[in-house]
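> Spelled out, the chains give:
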Amino acid sequence: MLNLILRRVALTVPTFVALMFVTFVAVRLVPGDPIEARTGERGIAPERLAQLRHELGLDQPVWRQFLDYIYGLLHGDFGVSIVTKTPVLHEFLILFPATLELAFCALVFAVVLGVPAGVLAAVKRGSVLDHSVMTVALAGYSMPIFWWGLLLIMFMSEYLGLTPVSGRMDLINYYFEPVTGFMLIDSLLSGQEGAFGAAAAHLVLPSIVLGTIPLAVIARMTRSSMLEVLGEDYVRTARAKGLSPLRVVGLHTLRNALIPVVTVVGLQTGTLLAGAVLTETIFAWPGVGKWLIESISRRDYPALQGGIMLISAIVILVNLIVDMLYVAINPRIRHG
Amino acid sequence: MAEENAIDDPMPTAPERFVLDASGLSLGAAGVVVALTEPVGEEPSPLRAFWSAFSENRGAVLGLAVVVFIALLALFAPWVAPHSPIEQFRQSVLLPPVWAGGNWTFPFGTDAVGRDVLSRLIYGARISLGIGLSVMVVSVALGIVLGLAAAFMRGIVEVVVMRVMDMVVAIPSLVLAILIVAVLGPSLSNTIIAVTVVYLPRYVRLVRAAALAELTKEYVIAAQVAGVGRLRLMFVTVLPNCLAPLIVQAALGISDAILEAAALGFLGLGAQPPTPEWGAMLADAREFIRSAPWIVTLPGLAILVTVVAINLMGDGLRDALDPKLRRS
Numbered sequence: 001m002l003n004l005i006l007r008r009v010a011l012t013v014p015t016f017v018a019l020m021f022v023t024f025v026a027v028r029l030v031p032g033d034p035i036e037a038r039t040g041e042r043g044i045a046p047e048r049l050a051q052l053r054h055e056l057g058l059d060q061p062v063w064r065q066f067l068d069y070i071y072g073l074l075h076g077d078f079g080v081s082i083v084t085k086t087p088v089l090h091e092f093l094i095l096f097p098a099t100l101e102l103a104f105c106a107l108v109f110a111v112v113l114g115v116p117a118g119v120l121a122a123v124k125r126g127s128v129l130d131h132s133v134m135t136v137a138l139a140g141y142s143m144p145i146f147w148w149g150l151l152l153i154m155f156m157s158e159y160l161g162l163t164p165v166s167g168r169m170d171l172i173n174y175y176f177e178p179v180t181g182f183m184l185i186d187s188l189l190s191g192q193e194g195a196f197g198a199a200a201a202h203l204v205l206p207s208i209v210l211g212t213i214p215l216a217v218i219a220r221m222t223r224s225s226m227l228e229v230l231g232e233d234y235v236r237t238a239r240a241k242g243l244s245p246l247r248v249v250g251l252h253t254l255r256n257a258l259i260p261v262v263t264v265v266g267l268q269t270g271t272l273l274a275g276a277v278l279t280e281t282i283f284a285w286p287g288v289g290k291w292l293i294e295s296i297s298r299r300d301y302p303a304l305q306g307g308i309m310l311i312s313a314i315v316i317l318v319n320l321i322v323d324m325l326y327v328a329i330n331p332r333i334r335h336g
Numbered sequence: 001m002a003e004e005n006a007i008d009d010p011m012p013t014a015p016e017r018f019v020l021d022a023s024g025l026s027l028g029a030a031g032v033v034v035a036l037t038e039p040v041g042e043e044p045s046p047l048r049a050f051w052s053a054f055s056e057n058r059g060a061v062l063g064l065a066v067v068v069f070i071a072l073l074a075l076f077a078p079w080v081a082p083h084s085p086i087e088q089f090r091q092s093v094l095l096p097p098v099w100a101g102g103n104w105t106f107p108f109g110t111d112a113v114g115r116d117v118l119s120r121l122i123y124g125a126r127i128s129l130g131i132g133l134s135v136m137v138v139s140v141a142l143g144i145v146l147g148l149a150a151a152f153m154r155g156i157v158e159v160v161v162m163r164v165m166d167m168v169v170a171i172p173s174l175v176l177a178i179l180i181v182a183v184l185g186p187s188l189s190n191t192i193i194a195v196t197v198v199y200l201p202r203y204v205r206l207v208r209a210a211a212l213a214e215l216t217k218e219y220v221i222a223a224q225v226a227g228v229g230r231l232r233l234m235f236v237t238v239l240p241n242c243l244a245p246l247i248v249q250a251a252l253g254i255s256d257a258i259l260e261a262a263a264l265g266f267l268g269l270g271a272q273p274p275t276p277e278w279g280a281m282l283a284d285a286r287e288f289i290r291s292a293p294w295i296v297t298l299p300g301l302a303i304l305v306t307v308v309a310i311n312l313m314g315d316g317l318r319d320a321l322d323p324k325l326r327r328s
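Protein sequences appear in the order of chains A and B. Once you know that position 112 of the first sequence is 112 in full-length UniProt numbering, the rest is easy, because the numbers rise by one and skip nothing. Once you know that position 9 of the second sequence is 9 in full-length UniProt numbering, the rest is easy, because the numbers rise by one and skip nothing.
To be clear, the hints were calculated from the coordinates, so they are not data collected in a lab. From the three backbone atoms N, C-alpha and C, an ideal C-beta is built for every residue, glycine too. Fair warning: there could be bad hints in the mix.
What the hints assert, rightly or not - If you anchor each label on the Cβ, the simulated ranges turn out as follows:
no., chain 1, residue 1, chain 2, residue 2, range
1, A, Leu188, B, Glu87, 25 to 33 Å
2, B, Phe288, A, Arg236, 41 to 49 Å
3, B, Val305, A, Gly167, 29 to 37 Å
4, A, Arg236, B, Phe235, 41 to 49 Å
What the hints assert, rightly or not - Part of the chain A face toward chain B, derived, beta carbon under 10 Å:
no., residue
5, Val17
6, Ala18
7, Phe21
8, Pro97
9, Leu113
10, Met143
11, Pro144
12, Ile145
13, Trp147
14, Gly275
15, Ala276
All chains should be modelled from the sequences, with the hints used to inform the complete structure.
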């Protein structure tokens with residue numbers, strides 16, 4: 001078991017090194033000189049240019065710059081944003097709770113709807129219900145989520161007036177200092193009446209939009225996993241000895257069928273973070289996805305580089321944890 | 001059933017089989033798989049066997065019909081489209097579609113600068129299908145070369161190729177595509193490059209895994225013993241037998257590529273104006289959610305219908321070509 005974990009952790013090291021290499025190379029391939037980007041088009045004295053190049057380490061050989069870059073990353077130095085002049089890590093950490101809150105709610109939405117839908121579809125295999133679930137899942141899986149977001153805004157916010165169009169909070173009526181960075185928690189801590197409701201209302205549409213693809217994937221996975229387990233001998237035995245269908249499905253089947261589903265849920269992290277870029281752009285959600293897109297248009301390459309590095313690192317780590325979790329809950333692998 | 005037959009199969013027929021596959025390419029492989037699952041009798045032609053398996057799935061046939069329809073529209077866009085996709089009719093700005101009080105000159109209405117939405121959608125099919133197909137062709141070709149190289153050469157080649165692929169997978173797809181486009185600059189061709197890089201690992205991993213599985217089989221050993229050269233072994237002996245899952249992945253890959261490219265277009269990082277790309281059309285339409293809902297609804301619907309159709313078709317292809325992957 002320990003051996004397995006160590007081997008799996010060791011395997012991520014070359015991936016991390018390659019990732020650093022790619023972000024390093026990518027930023028150097030970007031058209032335009034980083035000094036020029038800071039000084040503007042007026043130009044500067046050659047001595048000042050040389051001094052700036054030295055300060056940024058650009059007069060060093062490339063391999064040296066790469067080693068410095070890795071050294072910096074390992075010490076938590078992800079560069080400094082050209083635009084705001086603050087460390088990229090600092091900016092990221094301020095914005096990340098917003099993305100995390102959104103991604104978490106999206107995942108809850110996907111699991112709470114997806115798992116029961118998949119179970120029902122499998123149990124009522126071939127029925128109208130099954131076909132509807134699979135059709136909806138196909139549509140969800142094929143959905144351009146940026147369009148889905150616009151449609152929901154059009155219908156729910158503009159036409160019915162049920163939910164706010166954008167942002168995380170109704171800042172005109174409520175204001176409180178961020179404590180945790182999670183709006184749902186902060187609004188409760190603030191003690192202002194109605195603040196929690198406002199925060200929750202802002203979360204509804206973005207969570208649905210971001211959760212749609214994971215919902216489809218989870219429903220499909222749950223269904224096929226359930227079908228597989230429902231065909232096992234021990235389920236037939238449970239039925240034969242007269243256990244109630246609810247007990248057979250809920251206790252005997254679901255527990256084993258959920259093992260692969262847990263993995264699939266975990267592997268949605270990448271989908272969620274990629275989807276967050278689109279969802280946050282549509283709903284003006286102040287998270288890391290929107291920040292990433294804005295840093296491109298502001299030509300803030302250190303922010304882009306650091307942001308991609310951090311997001312990828314999170315995905316790699318979560319996938320690693322999911323792998324271990326899978327080993328922990330699946331005895332067949334643990335002892336195999 | 002299939003496995004039993006495969007075991008009963010006397011060795012000498014194996015080389016025959018791959019010759020057949022090589023000539024009939026994908027459909028040859030399909031024919032063999034399907035033929036094996038059927039009771040022994042007279043063997044139907046590979047194409048017919050494939051079609052009978054494929055047409056069992058009504059959704060797949062529907063998907064195929066829609067894809068063919070969209071492809072024809074794209075192909076004959078200049079003849080089908082009522083107007084030019086970029087001509088601006090300044091007297092008819094934000095005209096509603098015909099069912100919402102518009103007129104038949106602009107059946108789907110016009111956008112904010114008076115361009116015909118229907119014509120833009122038809123020309124947009126060219127762009128989206130074009131991106132999907134280009135990405136698919138390039139990544140399948142690269143996937144075959146890299147995957148076979150990793151499977152056959154092992155050692156350092158395999159380690160390097162597979163680690164690089166691991167890294168690509170580690171970065172969320174859209175984020176990586178954004179990074180690539182940011183470096184190369186936003187354009188249609190760079191969209192294709194970015195999306196190809198993002199989806200390449202799937203093909204490389206698939207080809208490598210399939211080739212490794214084939215390499216242990218007796219017909220490959222027989223071919224090696226017979227003195228077949230390495231390149232011939234890779235591309236003529238082994239590759240045709242890896243095609244079935246590859247074709248399925250390629251079909252599904254087209255729809256993913258279309259979605260990804262539309263997302264880039266929506267973010268302003270893909271096709272640039274006035275190109276009638278569906279995602280970019282949606283980005284332009286964002287401000288008109290309230291005043292002109294049709295220019296928001298229609299391009300998205302076009303993307304959704306196309307992607308659903310391709311996915312339905314891909315599911316059918318999988319069931320017909322690769323019974324092992326069939327979803328119960």
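> Against this structure, judge whether each hint is valid.
Status of the hints after comparison with the structure:
At roughly 56 Å, the beta carbons of A:Leu188 and B:Glu87 sit outside the given window of 25 to 33 Å. At about 58 Å, the CB distance of B:Phe288 to A:Arg236 disagrees with the hint of 41 to 49 Å. Taken as a hint, the range 29 to 37 Å holds for the pair B:Val305 and A:Gly167, whose Cβ atoms sit roughly 32 Å apart. Between A:Arg236 and B:Phe235 the beta carbon distance is about 47 Å. The supplied range of 41 to 49 Å therefore holds.
Here the hint on A:Val17 is kept, as its CB sits about 9 Å from the closest CB of chain B, short of 10 Å. Proximity of A:Ala18 to chain B holds as hinted, the smallest CB-CB distance being about 4 Å (cut-off 10 Å). Checking A:Phe21 against chain B: minimum C-beta separation of about 9 Å stays under 10 Å; hint holds. At a threshold of 10 Å, the smallest CB-CB gap from A:Pro97 to chain B is about 19 Å, leaving the interface hint violated.
Taken as an interface hint, A:Leu113 does not check out: its beta carbon lies about 20 Å from the nearest beta carbon of chain B, beyond 10 Å. Taking 10 Å as the C-beta contact cut-off toward chain B, the hint placing A:Met143 at the interface holds, the least distance being around 6 Å. Hint status for A:Pro144: holds, given a least beta-carbon distance of 5 Å to chain B, under 10 Å. About 8 Å separates the beta-carbon of A:Ile145 from the nearest beta-carbon of chain B, less than 10 Å, and the hint is met.
The beta carbon of A:Trp147 is positioned within 10 Å of a beta carbon in chain B (closest approach about 3 Å), and the interface hint is therefore held. A cut of 10 Å between beta carbons decides the hint on A:Gly275: the least distance to chain B is about 8 Å, and the hint holds. With 10 Å as the threshold, the beta carbon of A:Ala276 comes within range of chain B, its nearest partner Cβ sitting at about 9 Å, so the hint holds.
Violated hints for the displayed structure, listed by number in ascending order: 1, 2, 8 and 9.
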